Structures are given as C-alpha cells and as structure tokens.
Amino acid sequence: MSKERTRILIVDDEEIVRESLSAWLEKDGYTLATAPDGETALARIRKERWSLLLVDLKMPGIDGLQVLEESRKLQPDAVAVIMTAYATVDTAVAAMKIGAYDYLVKPFDPEELSLMIQKIVTQQALVRENVLLRKVLKRDYHFRDLISKSPVMQAVFDLARTAARSNSTILVLGESGTGKELLARAVHAESPRSQGPFVAVSCAALTETLLESELFGHEKGAFTGAAVRRKGKFEMADGGTLFLDEIGDISAKLQLDLLRVLEDRHFFRVGGSESIHVDVRIIAATNRDLTKAVADGSFREDLFYRLNVIPIHLPPLRDRLEDLPLLVEHFLEQLGAEMNRRLDDVATDAMGLLMAQTWPGNVRELRNVLERAMVVASGRVIQLSDLGLRRPPCADVPSGGVLGSLDDVERHHIGRVLQESDGNISQAARTLGIDRATLYNKLRKYQLRKDGEPETEHPESE
Amino acid sequence: MDVCLWWIGDAAADHDLLGTLRRQTEQVFHVTARAWLGRDRPTDSFDGRRQQHSSTRILKWLIDSRPEHATKVVGITDVDLFIPILTFVYGEAQLGGTAAVVSTARLLPNSGFRQDFDLFTARLMKECVHELGHTFGLLHCPLPTCVMARSVNLLHVDTKNPALCHDCQSRYAEIRKQGHEHHE
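Protein sequences appear in the order of chains A and B.
Reminder that position 388 of the first sequence reads as 388 in this note's numbering, one-by-one numbering, no gaps.
Reminder that position 109 of the second sequence reads as 109 in this note's numbering, one-by-one numbering, no gaps.
Looking at chain B on its own, in the form it has when it is part of the complex (with noise of 0.2 Å):
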C-alpha cells in the first residue's frame, strides 16, 4: 500500500509540513505514505461564479493523474474547495475508492504566531486523515474525538484527535483483512 500525499496548491511546497503528514498517516493507517512534489495542477476546477475550487473535480483530476506507484492519493491545496451544494468543504474523497483531496484555505489560524501555524498543522493532519480515512471506506464516527467524526467548522476540527478511535481502528482492521482477503 502506497499512499501520496501530493502538494497542489497554488504556493510553494512546505516539506516540513508534507513529512509531518506523511508520518502521521503511516502511523495510523499502518502504510508506506511518501509525499509528492510532481508539479502538475488541476487546470479546470475553479468557477468563476463562486469564486472557488470544485473539489470534485480537483478528486477526477487526481484519479487520472495519480502518480504509477501509488494506490491511493490526497492531494492537498491551499485554495478554497466547494461541492455544488454547499458552500464550502474542508476537503473531500472518494468512499472506498482512490483520491481525496484536503484544503488548507479554512484551516488557518488569524494569526501569524508559531503557536498558531502547530494548531494549523494539527489541523491539516486531522484533515489528511480524515479524507484517507474515507477512501479506506471509514463512515463518519459519532465520537467527536475521533479523526473520523464530522467536521463542520474548525471547532469540530479542534476537538478531534489526529488519530483513530478504538471503533474505527477495529473497522479499518476489518477492512483491510477483507482487502487482503478479496485479492487472495
């Protein structure tokens, strides 16, 4: 399993933030996960009328430009994502399936403090593990700690931990077994 983390925003690439994520996704998802520097960019997602990025379709351009070697991908952007019914999404994915893709653009502190860029961080992983979490087929938790519990507003993200609750570890064991199973 090879999952990659690929940069996509329009500003330069911050490597000490993409090895951050990409520890912590190995440590939760137990994979190999290496962080992307190709320089493509979606070409076609923003609209003109919202002023923003449609997140589905930055999600096909990444399910056809994903790089050889990996199973799966999160791409991560710094502009501001939407789905055409709601106003704004932190970030979306594909249930079961192969890409996400995770938005800085809502996730960053008022501030320039140091303090402030380690909740933004925290921020961005909890997000990173989120949208992943989904393409491993994970549903929503009803446990508000859990990474995978719904986040509507940065409050939500704020009271997540970067990590999986004992329910969904259990749930993402089960899958991955009948992964295994199913390509035996």
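Same shape as in the complex, but just chain A (with noise of 0.2 Å):
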C-alpha cells in the first residue's frame, strides 16, 4: 500500500501527544487527523476510511476501549493500536480481546513504535494485494456467468468463445446441472448477436403438438383454441439465438421439421403456407448420449450431424472437483446478495464433506444445498449441520461392500432421495438439482417408483 493511502487517525485528549506524533508521523508522508475525544473520534470513524487508528486508553467521556469496540463494529479492517501511559496486563488483555493489534507504552521507544507500523503497512499492502489478485484470478477463471479454474472447463471456454464469433450450430452435452444453458447464454453474449434476442426452450417440458407450435408458431384458427395468430421461438429468436433444451428428448415428426429449418432457415407456421425466413443461431442441448440414441434409431443420424457442427462437453461436477472451493465462494456472494445476507466462509469439515459428494445433480445441487445452508446457518461459517448432507457419502455406494459404476450410484442416491422426499417429484428434483422431466427420465431409465422403490425386483434392494 503506498503511503499516501494509509491513513492514520490519532486520538488523544492530550493536544501535545496529538501534535508530537502527527509531526513524527507526517514525515514518512502519511495521512493524518487527529481527534481530541472518543466521540469526535467515532464521527471521524463512521465518516471516513482509516488504516491505523492509535487510541490513547484513558480519555475522559468515550475511553480508548470503548472506541476500539465501536471501531470494530463500523470498520474491522482498520488496524487499532492502544496508547497508555500505564501498562498493566490487565489492560493488553482487554485491549486484545476487543482486537486491539497491540499496545504502545507513552513515551514510546522510536524504534518500537516504527517498526509496529511498518509491520501494519505491510501486512495492509499484502492483504490488498492479495483481494486484488483473487479478483484478478476470478476474472481469469469467469466465462461470463460459468466459473472454473479446471483445465477441461479453461478449454470449454476456450472453444466457446471462438464457437461465439462463428454463426454455427453448437451442441453442448452433459449431464443435469452442468450449465448447459448458462453456457449457451454466454455465447450469446459473446457473439456478434449479442445485441439480439436469446431465446431459449426446453423441448422436454412439452408434448409434440405444443411444442410444434411453441417452435413454428401458428396461424390464427390452425387448431382448437388458436384464436389469433401467434409467433414462434424461430421467429421470435430473428437476429439472435435459440436455444434448444433437451433436443435429445423430441418426437421423431419434430425431429424432421427441425432438420429442414437447419438446411435452410425457411420453415411455415402450424397451420400456414406462407414460407418464413429467420436468421436465428442454434445451440442445442442434451444430457442424452445421441450417438447411442442415432445407434438405436431414436434419433436421425442426419439431424445429429446438422446439430453436431461444434459440439461441447460440458464434465459433470464430480470431475472437477477442484472447482469446489471456487464455486462455494462464488456462490456465498451471489447468494449473500440474493438473500441480503452475509457468510463468509465454510467450515473445514463441512467442506470436507462437499468435496466427498459424488453430485449427480451437479453445480445445480451444489447451489441448491449452500441454498439451504445459508438458510439455516446461525453464525457467518457455514457448519457441517448446516449442509443437511449425510455422512459419509460413501454410504451412496450400493450395498454388498463392492464399489458400483457411476449408474449404480446414481440410481441409489436417486432412490434415497425420493424417499426422504415421501415420492415428491418436486422436491426430489430440487434436491437432486435437476429438473422434473430429467428426474422421469432417470426413474425411467434406472426402473424406480416415485416413492424410490424399484419397479421391479433389484438384487442390491434384498
């Protein structure tokens, strides 16, 4: 910190002491006040920003303790010395547990009382220099909302961007809770139609016909209930980018509509027959693997190459668990301000504990649970309790004492969760963070009831 930034408030009812030290002071270019009281002193304190305050114990009115308590509230960062003209232990220990940085016998030995202060300059300038560089290692680690310093997630940003500056098709796969869509918005705004729309929809949450029309848009009397014409995504997209969500999960009729408007950007609203010219960039999304999809037929090989153009990876949360920490405090502080409250911190073993996760729900249950951990957290450190994870989390390995594959885990802990949540479908997604028609398809693929029992006989369930 340069010197001129240090700013030191000297308080004494002693003008003497208050004048002998500013002039001692002023010579190594410091800034300077003094206040002759510990009233004015406060004022001075809520008012402006101070470094080092050097507060004379005994003062008649607000002593030097008592200003030290009430320094501490309105600025903690600001180092507190205390002047006394009688040391007694007494006295340093109550100054130090009030957080005095330490104390200064009057007279003071020249050497002592500036070798104290250098030290605080110094220990100031790494402190600030240490905020700088974590907003500097912050920024480096940001693709807009994304966060990560793993290499994979450095090469995924990598590639968007430049995907960004192009106007081709990207696929962006991986599992629930990845960031798929955040992903595909940070094109957006990377891109050259930053400035026009993002329109995003996810092609699970809606039946063929629905969706059809939710795409195309619709003429005015093209089916029961259309009662006036409306615009489609494609449409409404014009100029800037639509992003189609789980794409692995659309009806084969849906599939083919797609793949014309790909090939020529031409497509006719439900029920008309006048031909629509959008420029709209596609990203598509999918937590399905769609080459095993192409494989089984379920999905058209020649769609997959049209929306394959520059596909993206997105690595589930378990393989960058080195993230962890970096995502915990990214998401203290947007949480923090969401919910107009401050935590600092996470405990070590509740950290612990987050790393030991496997998070089938990725970044998505990661939020969720520092969600509610901030709710219920009682201090400024998240504790272990407050998580509401259980330990240990090996205990999501199937049972028998033999290690299961990731499915193997994923189905358990799906299963656990669905009975802690007595088959809520709802609240079992916002658990797993995932959404509800990506929990189906796992209850689907993994064969499990809602209430978590499986839907037929399962050897690990004996």
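Since the hints were made in silico from the structure, they are not lab data.
This one's a predicted model, so the numbers in the text were calculated from it and none came from an experiment.
Each residue gets a CB set at the ideal place from its N, CA and C atoms; glycine is no exception.
Heads up, a few of these hints could be off.
[What the hints assert, rightly or not] The calculated PhoX-like cross-link candidates involving lysine-lysine, where the alpha carbons are at most 25 Å apart (straight line), are:
1. K220/A <-> K60/B
2. K106/A <-> K27/A
3. K292/A <-> K442/A
4. K106/A <-> K60/B
5. K60/B <-> K119/A
6. K27/A <-> K253/A
[Claimed, not checked] To give a feel for the contact side, a few chain B residues facing chain A, derived at Cβ under 10 Å:
7. R50
8. T56
9. K60
10. I85
11. F88
12. V89
13. L138
14. H140
15. P144
16. V152
Take the two lone chains and join them into the complex the hints point to.
Written out as structure tokens, the structure is:
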C-alpha cells in the first residue's frame, strides 16, 4: 500500500501528544488526522476509511476501549493500537480481547513505534494485494456466469469463445445441472448477435403438438384454441440465438421439421402456407447420449450431424472437484446478495463433506445445498450440520461392499432422495438439482418408482 | 537562500566540525550556508521530569531567534532531545518550515579514538542534512542508504550516505523550482 493511502487517526485528549505524534508520522508521508476525544474519533470513523487507529486508553467520556470496540463494528479492517501511560496486564488483555493489534506504553521507543507501523502497513499492503490477486484470478476463471479453474473447463471456455464468433450450430452435451444453458447464454453474449434476442425452449417440457406450435408459431384457427396468429420461438429469435434444450427428447416428426429449418432456415407456421425465413443461430443441448440414440434409431442421424457442428462437452462436477471451493465462494457471494445475508466461509469439515459428494445434480445441486445452508446457518460460517448432507457420502455406494458404477451410485442416490421426499417429485428434483422432466427420465432409466423403490426386483434391495 | 548552522550546545563550539557541516550542506542543497556562533541559548527547553530537552520548544526558540540574514536555521546542540510521545529523538524539523534542531548526544561513539570522531562527524553530518531536508519539504525516503531515510537507531544512521538519493534529488529540484515559481 502506498503511504498516501495509509490513513492514520490519532485519538488522544492531550494536544501535545496529538501534535508531536502526527508531526513525527507526517514525515513518513502518511495521511494523518487527530481527534481530541472518543466522540470525535467515532464520528470520523463513521465518515471516513482509516488504515490505522492510534487510540489513547484513558480519555474523559468515551474511553479508548469503547472507541476500539465501536471501531471494530464500524471498520473491522482498520488496525487499532492502544496507547497508554500505565501498562498493566489487565489493560493489555482487555485491549487484545476487543481486537487491538497491539498496545504501546507512553513515551514510545521510536524504534518500537517505527517497526510496528511498518509491520502494519506491510501487512495491510499484503491483504490488499491478496484481494486484488483474487479478483484477477476470479476474472480469469470466469466465462460470463460460468466459473472454473479446471483445465478441462478452461478448454471449454476457449472453444466457446472461438465458437461464439462464428455462426455455426453448437451442440452442448452434459449432465443436468452442468450449466448448459449458462454456456449457451455466454456464447450468445460473446457473439456478434449479442444485441439480438436469446430465446430458450425446453423441448422435454412440452408435448409434440405444443412444442411444434411453440417453435414455429401458428396461424389463427390452425387448431382448436388458436384464436389468434402467434409467432413461434424461431421468429422471436430472429437476429439472435435460439437455445433448444433437451433436444434429445423431441419426437421423430419434430426431428424432421427441425432438420428442414436447419437446412434452409425456412419454415411454415402451424396451419400456415407462407414460408418464413429467419436468421437464427442454433445452440442445442442434451444430457442424453445422442450417438447411442442414433445407433438405436431414436434420433435421426442427419439431424445429429446438423446439430453436432461444434460439440462442446461440459464435464460433470465430480470430474472437476478442484472447482468446488471456487464455486462455493462464488455462490456464497451470489446467494448472499440475493438473500441479503453475508456468510464468509464454509467450515473445513463442511468443505470436506462437500468435496466428498458425487454431485449427480452437478453445480445446480451444489447451489441448492448452499442455499439451504445459508438459510439455516446461524453464524457467519457454514457448519457441517447446516449442509443437510449425510456422512459418509460413500453410503451412496451400493450395499455389499462392492464399489458400483456411476449409474449404480446415481440410481441409489435418486432412490434415497425420493424416499426422503416421500415420493414428492418436485421436492426430489429440487434436492437433486435437476428438473422434473430429467428426474422422470432417470426414473424410467433406472426403473424406479416415485417412492424410490425399484419397479422390479433388484438384487441391491435385498 | 542562506542556511544558518547555529551551535546552541552547552560545550564550546567546534569550528572545524561546523565547517565540515557547512560544506556538506552547501554541496547537498546548493545553498549558501554559514556557521553562526551567536551566544543566545534556549532557556525553557529542559524538562526536569524527563531530564531531557524538548526539541519542539527549541524549534520555537530558533524560529523566534533566527538571525536576520537566515532563511533557514539549524540548531546543533549537545543536549539530549525528546518529543512528548517518544523516549528520544536525534533531531526535529518543521516540515517545509524554517527551523531544525539536531542533537549530538546520542551520536557519540563510546571511545575517544580518532576514527570514532570521524564516525561521529559523519553521523552528525547526516542528521543535519536529514533535518534540513525536512525544512525543504522532503519526506522520509524508503531507500535505507539515502540521507532522508528514517533513523531510529545508530545502525540506521550509519547505513545512510550523507547525500540525497537520485529520487530525493529530483524531488528537491522540483520543490526548489516550485518555490521559485511561487516567488515570481
């Protein structure tokens, strides 16, 4: 920290002390001010930022310890040093308890005073430097709203930045909660189309007919209830980006319709005869294995190649656990602002438990766990018990002492969450950090009932 | 610019020593310096409780008693100096003002060998230049070998050169330039 930025407030009821100390420190180039009593000092502490407070212990009215105590609340970052003519152990202990950096006995040895101030200034410079470096690091780890320091994700960011400059279709692959839509939004924001609209559609949330109308719009009277002509998402996204989420879940008919649009950027509204041209950049996303879907015939190969121009794979959180502390810090800040609550950190054992999770719901699940923790935490640090997670996390491993595959672990975890949620799908989806449609897909995949029990006899349930 | 180096100590003045200080002052600050042997001495600077002399009171006395021709005055004394908040000071100066005071009391080496006298002269020279530097508006320099570095023990004093470092020379030149422009 430069000396001009080091602001020192000298608080003493003796004018001669204030004058001689400020004259001595003035020659080091610090910014100095004095206060003759505790009240004036607190008024100045309320108004201005101070690096160092040199406070006389015994003053009429508000004494040094009271000034110190109040300053801790007003400016916790300011270093306070108590000055006293009569040093006693009790005084020193009292001052230190309130948070004084040190205390000096009047008159001071010039060497002692000089060394102490140098130490404080150096320490504060380091703290400021640390804050700055962390900011720089964070900036480097960000791609818009995505945050990661893992080499895999850094490569994803690089690819996404490059892809953003082109107009090519992007296929984002990754499990639920890995941030596929965030990546799509980031690509849009970094692209030359950023001034245009970003329109997102979840293909899994709607039936075939509804989705068709949603994507392409409809003419008046096209179907029962179509009282007015309505623009579809393709038209709405004209000049911008259309994000098609859960693309792996669309029907065969829609796959064909979509293929046509992707080929010539023309389409018809439902019930319409006018060909409509749009200038839209497509970003599609899915958590399904499309290669497998193509192989088993449930997804058109030609559409897959149309979509798979620039594939971007988002790794699951369990494959980039080194990001966890960074993400935790990020969410504490973000949630803190949303909830108007300040939490500084996560206790070491709590962080250990977070690191030990498999996170089937990925980053979204982590965010939900932290949101819960922020609600229930009573102090400024999130404790183990605030997380609502069970220990040991390896209990998620299928019974029998044999380590299972990721699918086994996921199946077990989902089953347990459903049991805990008494079969409430919405609640279970929230806990898992996935949407309801994805949870239903997973129930089908793992042949689980809503209550978490297997639909058919399963060896692990015995 | 006329700097007056005034011996205000209890012992008799050492003309050779004052001559050395004068030459160094002229060399470092490019001013005319004179040794002044006025007989007046500050009378109310002694503090019986601390058995030391108040450098602040001496400064006030120097400002009031400054010879007419002097634009700046440096009092050199052999008494031990203090400011109320510190156990001792080697000297004190008005920052950007007219007066400074330096004490020889804590600069003396223990023995009386010739080389020790040279060491003592060098120390006094440095402290004189240092305090005078403050009257020109120079602040403490972070470079330990610069004469404007803060000294709180003799090791610090002995580490310094009796001259301004490059940065302090530039600052001094700037201050003088601004001073001239101000007067014009």
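Check each numbered hint against the structure and report the violated ones by number, ascending. 1, 5, 6, 9, 15
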